[in-house]
Amino acid sequence: MDEAQPEKTFRILPGGVRTIGRATGADFIVDAPLVSRVHCRLTARPDGGLEVKDLDSTNGTFINGNRVEAGVLSSGDRLGVGRVELVALRDAD
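Position one of the sequence shown corresponds to residue 2 (the working numbering), numbered consecutively onward.
Hints may contain errors.
[As the list claims (entries may be wrong)] Pairs of lysine to aspartate or glutamate, EDC-like flavour, derived with a Cα cap of 20 angstroms:
hint, residue 1, residue 2
1, Lys54, Asp28
2, Lys54, Glu70
3, Lys54, Asp78
4, Lys54, Glu86
It should be emphasised that the hints constitute simulated quantities derived from the structure, not laboratory data.
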């Protein structure tokens, strides 16, 4: 995924843990200049929420525009990494 490709779907099953970043070793690769090599980690909770943890990224991780070190995404929340914005959706949405 890069800034020129605004739509891409990533799935995380309950209990799954995935990383977002520029590096080829990231689970979800976001090829954008302000995204760190390994930017943040997502953990899918059994209740459908997603825990997000910033992994010491240079430009920060944002939930609905607010910079966070860690937080929980609900369906419809926006996750910002660099200039890329991702939207959390449950399969039922």
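Tested hints:
1. Lys54 / Asp28: holds (15 angstroms)
2. Lys54 / Glu70: Measuring from Cα to Cα gives roughly 6 angstroms; hence the hint holds.
3. Lys54 / Asp78: holds (15 angstroms)
4. Lys54 / Glu86: This hinted pair holds, its Cα atoms lying about 16 angstroms apart.
Taken one by one, the earlier hints all hold for this structure without exception.
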